[in-house]
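Asker: My request is simple: use the sequences and hints to build the entire structure.
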Amino acid sequence: MHRYLPLSLSSLLLLPPRGDKYGLSFLLGGMGTVLDSHFLALTAIVTVGYQFLFFVVTALLKFDKVTDFAGSTNFVILAILTLVVKGSWHFRQIVLTILVALWGLRLGVFLLMRILQWGEDRRFDEMRNNLGKLAVFWIFQAVWVWTVSLPLTIVNASDRNPSIKPQDVIGWIMWSIGISIEATADQQKLLFKNSPANKGKWCNAGLWKYSRHPNYFGEIFLWWGIFVASTSVLEGAEWLVVFGPIFLTLLLLFVSGIPLLEESADKRFGSMAEYRIYKNITSPLVPLPPAVYGRLPAWFKVAFLFEFPLYSRSFPHEGRLN
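So in my numbering the end of the sequence shown lands on 322, straight run, no missing numbers.
Everything labelled a hint here was simulated from the structure, so no lab data went into it. Hints should not be assumed to be uniformly reliable.
[Unchecked claim] Calculated pairs, DSS-like style, for lysine-lysine (alpha carbon to alpha carbon, straight line, at most 27 Å):
{"#": "1", "residue 1": "Lys301", "residue 2": "Lys267"}
{"#": "2", "residue 1": "Lys267", "residue 2": "Lys193"}
{"#": "3", "residue 1": "Lys193", "residue 2": "Lys209"}
{"#": "4", "residue 1": "Lys209", "residue 2": "Lys267"}
{"#": "5", "residue 1": "Lys193", "residue 2": "Lys62"}
{"#": "6", "residue 1": "Lys133", "residue 2": "Lys267"}
[Stated by the list, open to error] Quick list of simulated restraints, FRET-style, between CB atoms:
{"#": "7", "residue 1": "Lys133", "residue 2": "Ala273", "range": "35 to 41 Å"}
{"#": "8", "residue 1": "Met113", "residue 2": "Ala298", "range": "38 to 44 Å"}
{"#": "9", "residue 1": "Val169", "residue 2": "Val292", "range": "25 to 31 Å"}
{"#": "10", "residue 1": "Met113", "residue 2": "Val286", "range": "24 to 30 Å"}
{"#": "11", "residue 1": "Leu296", "residue 2": "Gly49", "range": "45 to 51 Å"}
Please read all numbers here as calculations on a predicted model, not as lab measurements. Ideal Cβ positions, reconstructed from N, Cα and C, are used throughout, including at glycine.
Answerer: Structure follows, in structure tokens:
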């Protein structure tokens, strides 16, 4: 059949008639279906390729200022790509794509501008001359992007288009609250650190008075919102996309988020009485008034508010308040 491809190209590619303005969508949709109906392979290939490109730049040029930008913008690429490839343009798909794209662009630009202003990324001090460690970091970033994007990927790949349900609205509201908290916290910390009067101090202004990591709370909350808004189209094994927000939550709670920052802050400020008080009366994640959090029993903080012993490994216990 391939010998007659020039004569039957439109039929083989399942394209509509020549004048159909949706021809490109049909073509891309066919390409996506060849890979897999849920776009899991497509998004994996694109993510690996995109991250590999930036890995090569980082490895060859020792330039790591684009690392966070590469991760954040990868979400945008996957969101738009899956929407266009499917080509069904359901309202739910468009809304969630816009929400993820706005988050990725906002965070990517913010982190890029911040690192260009502050200089080198300290996370890479031990990686710049170790190709193996650097490769592991970029592999992990690719896994992070692909996994956390799963709810949107499945929504954009779905043929189901039920009417707008309460979980859609709830999810959109959760996203709005989450990104507002994350963006506000990021800006407040940036302004705090840029003030000469705050040199050598930890940030406890604005939202940081109520949470030691309000930006992470906002990010976790908004991605759970994306998942909630995706549930109206999920069926059967598709519910496994819940692993996306779970993975993000576990990552920030136990791996590359809060533990590393808590250890760094404890080493820098742990000998200061004011910091010890701040840490004991300020929630690690969920924003709460210090007067409330400081009076809660330790078991309640651990069980419901994520105050894990892991966050005090470098804390000077002789000065810790109970």
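Asker: All hints are to be evaluated individually against the structure, with a verdict given for each.
Answerer: Hints versus structure:
no.	hint	verdict
1	Lys301 x Lys267	holds (22 Å)
2	Lys267 x Lys193	holds (18 Å)
3	Lys193 x Lys209	holds (15 Å)
4	Lys209 x Lys267	holds (20 Å)
5	Lys193 x Lys62	holds (26 Å)
6	Lys133 x Lys267	holds (24 Å)
7	Lys133 x Ala273: 35 to 41 Å	holds (37 Å)
8	Met113 x Ala298: 38 to 44 Å	holds (40 Å)
9	Val169 x Val292: 25 to 31 Å	holds (29 Å)
10	Met113 x Val286: 24 to 30 Å	holds (28 Å)
11	Leu296 x Gly49: 45 to 51 Å	holds (47 Å)
Hint compliance for this structure: no hint is broken.
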